[in-house]
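Asker: Sequence:
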Amino acid sequence: MRKLDLGSKRQVDKSPRIRKEILVKGIVQGVGFRPFIYNLARSLRLKGYVLNSSEGVVIDVESQDAAMESFVRAIEENPPPLAKIEQISTRTLPTVGYDSFLIRESLPQEGKFVLVSPDIATCPKCLSELMDRADRRYGYPFTNCTNCGPRYTIIQDIPYDRAKTTMTKFMMCPPCQREYEDPSDRRFHAQPNACPQCGPSLRLLASSSTESIDSWPSDSRHPSVAPLQDVRSLLKLGKIVAIKGLGGFHLACDAENNSAVKRLRNRKRKSDKPFALMSREIASIERYCEVSETERKILEDPQKPIVLLRKLKVNRISKHVAPGNNYLGVMLPYTPLHYLLFGDFLTTLVMTSGNLSEEPIVTSNEDALETLSKIADYFLFHNRDIYMRVDDSVVRAYEERERVIRSSRGFAPHPIDMGRELPEILACGAELKNTFCLTKGRYAILSQHIGDLANYETLFFFEETLKNLKKLFRVEPKIVAYDLHPEYLSTKFALQQSGVKLVGVQHHHAHIAACMAENHLREKVIGIAFDGTGYGTDGQIWGGEFLVADFGGFERRGQFRYLPLPGGDSAIREPYRMAVSYLYDTFGPEFRDLGIELLERISGKRIEIIVKMIERRINTVLTSSCGRLFDAVSSLIGVMDEINYEAQAAIELEMVADSAVDELYPYEILNTDLLVIDCRTMIKGIIDDLRGKVGKGVISAKFHNALASMILDMCKKIRASVKIDKVCLSGGCFQNIYLLDKTLNGLRRNGFEVFIHEKVPPNDGGISLGQAIIANEKAHSILGSSEADA
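Residue 1 is where the sequence shown starts when you use the working numbering, and the numbers rise one by one after that.
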């Protein structure tokens with residue numbers, strides 16, 4: 001941004017004095033906007049005031065024309081670094097003769113809303129103070145300023161003032177109050193402002209302790225340095241520590257201590273799902289992962305997400321951190337507390353979500369003690385309450401851009417400007433990786449990652465967050481959108497709502513609509529939605545879909561050939577069931593004589609049960625799922641017969657693929673009422689390679705290459721029919737970088753314009769956005785034109 005020469009505007013201006021009211025909307029609260037306006041107005045000798053309102057920042061100023069012009073231009077061109085201006089509107093008012101410029105008290109307004117800032121990682125200036133022995137905030141784990149610190153996790157209501165945050169119980173000491181009131185100080189009107197004299201403090205307890213968690217030191221000057229020194233010592237000794245952070249607890253241990261990581265895995269997860277890592281600096285990360293320039297920038301962004309990085313073949317990180325995976329999820333410290341955890345030869349920690357498997361991250365001290373005491377050896381508590389629980393975000397770099405896989409801390413609540421006014425809608429999302437979406441004004445607002453709605457605890461988190469966001473954004477939905485699957489908890493929740501219009505949205509249509517909305521497309525596209533499970537309009541389980549779609553509707557133009565899904569959800573947990581289904585479909589009952597290792601690994605009794613289920617359609621539905629095809633191939637070639645976390649078979653199949661292989665397996669496309677991909681010739685090719693002792697890496701690559709070729713062939717056929725060359729890719733299968741890369745290259749070489757996700761997850765975390773936009777398209781017919789436009 002170019003720097004404005006504001007001093008040159010101070011010359012005497014004899015033009016008439018004018019008064020304007022300026023309303024600035026966007027992310028303009030909690031980012032230093034009022035101090036910025038105050039200092040800018042004073043520098044230009046403007047008179048009037050600035051305040052936070054429930055719809056943004058209101059500025060009422062008087063000046064001569066030239067100064068007013070400079071003032072507005074500076075707001076537009078040089079706002080505070082964390083601000084995001086969406087709209088500036090002005091109106092001229094009669095002059096009243098202001099004699100100074102002030103920051104006035106906030107103005108609550110019924111029904112109005114303002115975008116809320118996400119939590120922001122510690123800024124360089126605060127970090128410098130944290131490490132400076134001469135500074136009064138040296139070693140203080142809760143230091144922050146206008147440019148960094150907690151926001152979304154502590155905000156209880158708007159306008160954004162300390163009294164409406166969880167910091168309200170901490171009264172600022174005189175030095176902090178002077179900073180807060182000093183326009184020249186970077187903590188001017190920083191709502192979470194605190195220091196060791198007056199702010200939150202730490203407390204370390206053993207999990208076996210009988211001390212009350214409520215007995216905090218009455219003198220909040222109790223030093224935080226001693227507990228942190230003890231925590232570093234405990235971590236180095238191989239202990240597991242539950243650490244209260246910004247949006248919830250983490251479970252931490254030394255990532256280079258093999259026995260500590262194994263113990264944490266056995267206590268917490270009992271699965272192979274990767275743990276996240278935190279390193280104190282980029283140089284530490286480069287000792288165990290490849291880091292490109294793009295990845296370096298993402299790691300250092302103020303959001304500080306977990307970034308998926310390819311791990312080096314030789315490194316000191318425990319093999320139990322991410323078994324069977326070529327990538328590690330890594331982040332840098334994002335709070336002062338995190339920075340202070342490192343030292344005493346600790347460079348990298350496991351920092352996994354503080355929860356039991358499949359439950360939401362724990363936020364309160366009391367719940368942590370109750371829930372995590374069998375996992376953690378020690379607890380590091382603090383006494384600043386977390387109002388909004390938020391897990392860490394997960395991203396990866398692709399084509400030199402950040403691609404979000406899980407949107408939470410640093411991103412949420414995530415507003416997407418849809419370019420037009422929307423009725424108030426709630427979209428409840430899917431079952432797995434749930435988020436919900438609210439619409440207000442021009443915005444579709446995605447919640448943070450909620451998780452898999454598989455239990456009461458996660459449903460409570462969903463309802464808790466919905467209640468909070470409805471209050472923050474002043475939303476009372478008139479329409480509620482939901483997935484068609486009747487057993488999803490999100491669907492059941494939607495159907496229980498009263499006084500609203502209900503809109504069911506097909507799962508894969510929502511995937512494509514989300515991709516379209518993010519890329520600002522409105523015309524029809526060829527939509528390819530590849531995932532594990534989605535309820536189809538014919539009552540079967542879809543997941544390998546080729547649609548021609550817009551927001552108003554879709555036509556299914558192609559699919560993978562239906563196959564039996566023996567055992568329903570059991571087939572998802574046990575991929576060998578789909579392997580048997582594909583073998584039976586391809587070879588008939590004679591598959592038992594193929595002589596492949598799968599038939600030796602899986603007992604004959606289990607195989608016969610599956611065959612009977614298929615033949616008699618016992619607890620067996622039909623599926624076109626691409627995710628289940630991945631499962632089948634993974635099991636066939638001996639990568640994964642049974643999984644212990646979602647998509648494990650597909651992930652590990654990708655990990656073994658040999659990228660130097662260009663060959664692919666044959667397949668057929670049947671031109672019936674729909675274009676149907678028939679994989680039987682491919683399955684025969686895989687069996688021939690298995691019997692010929694071809695390696696897993698080659699088979700996996702040939703399979704992935706065949707999938708990319710199928711997509712290209714299908715798109716060519718659909719384009720010839722409908723004359724559309726825009727393609728949207730969505731669904732969890734397109735988190736597979738090998739498949740995505742091959743698919744994009746093939747489509748682009750053949751003249752297709754391809755759109756993929758960037759800020760919205762391609763997995764089911766993006767479903768709610770698609771549901772909301774589809775419901776909005778139907779709003780006029782549902783509500784009537786006058787109500788929809790209200």
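Since the hints were made in silico from the structure, they are not lab data.
Incorrect hints may appear among the rest.
To be verified - DEER-style ranges, computed between Cβ atoms:
| # | residue 1 | residue 2 | range |
| --- | --- | --- | --- |
| 1 | S209 | A134 | 46 to 56 Å |
| 2 | D230 | R749 | 56 to 66 Å |
| 3 | P323 | G238 | 13 to 23 Å |
| 4 | S209 | Q229 | 47 to 57 Å |
| 5 | D688 | A660 | 18 to 28 Å |
| 6 | K467 | E597 | 46 to 56 Å |
| 7 | P124 | S271 | 35 to 45 Å |
| 8 | E300 | E77 | 17 to 27 Å |
Said to hold, decoys possible - Here are the computed lysine-lysine pairs in the BS3-like style, where the Cα-Cα straight-line distance is at most 27 Å:
| # | residue 1 | residue 2 |
| --- | --- | --- |
| 9 | K716 | K273 |
| 10 | K470 | K492 |
| 11 | K239 | K374 |
| 12 | K696 | K716 |
| 13 | K471 | K112 |
| 14 | K684 | K471 |
| 15 | K478 | K112 |
| 16 | K239 | K262 |
| 17 | K717 | K759 |
| 18 | K717 | K478 |
| 19 | K236 | K262 |
| 20 | K319 | K125 |
| 21 | K319 | K696 |
| 22 | K716 | K524 |
| 23 | K684 | K524 |
| 24 | K717 | K684 |
| 25 | K164 | K112 |
| 26 | K125 | K169 |
| 27 | K239 | K311 |
None of these values were measured; they are calculated from a predicted model.
Glycine included, C-beta positions come from ideal geometry on N, C-alpha and C.
Asker: Can you confirm whether the C-alpha distance between K478 and K112 stays at or below 27 Å?
Answerer: Since the Cα atoms of K478 and K112 sit roughly 17 Å apart, the hinted pair holds (cutoff 27 Å).
Asker: Given the hinted pair K236 and K262, is their alpha-carbon gap at most 27 Å?
Answerer: holds (15 Å)
Asker: In this structure, is the beta-carbon distance linking E300 and E77 contained in 17 to 27 Å?
Answerer: holds (25 Å)
Asker: Evaluate the given range 56 to 66 Å for the C-beta pair formed by D230 and R749.
Answerer: holds (59 Å)
Asker: Assess, step by step, whether the Cα of K717 is no farther than 27 Å from the Cα of K684, and give holds or violated.
Answerer: holds (25 Å)
Asker: Do the Cβ positions of P124 and S271 conform to the proposed distance bound of 35 to 45 Å?
Answerer: The hinted range 35 to 45 Å holds for P124 and S271, with Cβ atoms some 38 Å apart.
Asker: So the hint says 46 to 56 Å: do the beta-carbon atoms of S209 and A134 match that?
Answerer: violated (35 Å)
Asker: Given the hint that K684 pairs with K524, test it: the Cα-Cα distance must not exceed 27 Å.
Answerer: Distance ~37 Å between K684 and K524 Cα, so the pair is violated.
Asker: Assess, step by step, whether the Cα of K684 is no farther than 27 Å from the Cα of K471, and give holds or violated.
Answerer: violated (57 Å)
Asker: Does the structure keep K717 and K478 at a Cα separation of 27 Å or less?
Answerer: violated (41 Å)
Asker: Would you mind confirming whether the straight-line C-alpha gap from K696 to K716 stays at or under 27 Å?
Answerer: Violated, because 30 Å separates the two Cα atoms, which is more than 27 Å.
Asker: For K164 and K112, compute the direct alpha-carbon distance and say whether it is at most 27 Å.
Answerer: holds (16 Å)
Checked against the numbered hints above, the structure violates hints 1, 4, 9, 12, 14, 17, 18, 20, 23; every other hint is satisfied.
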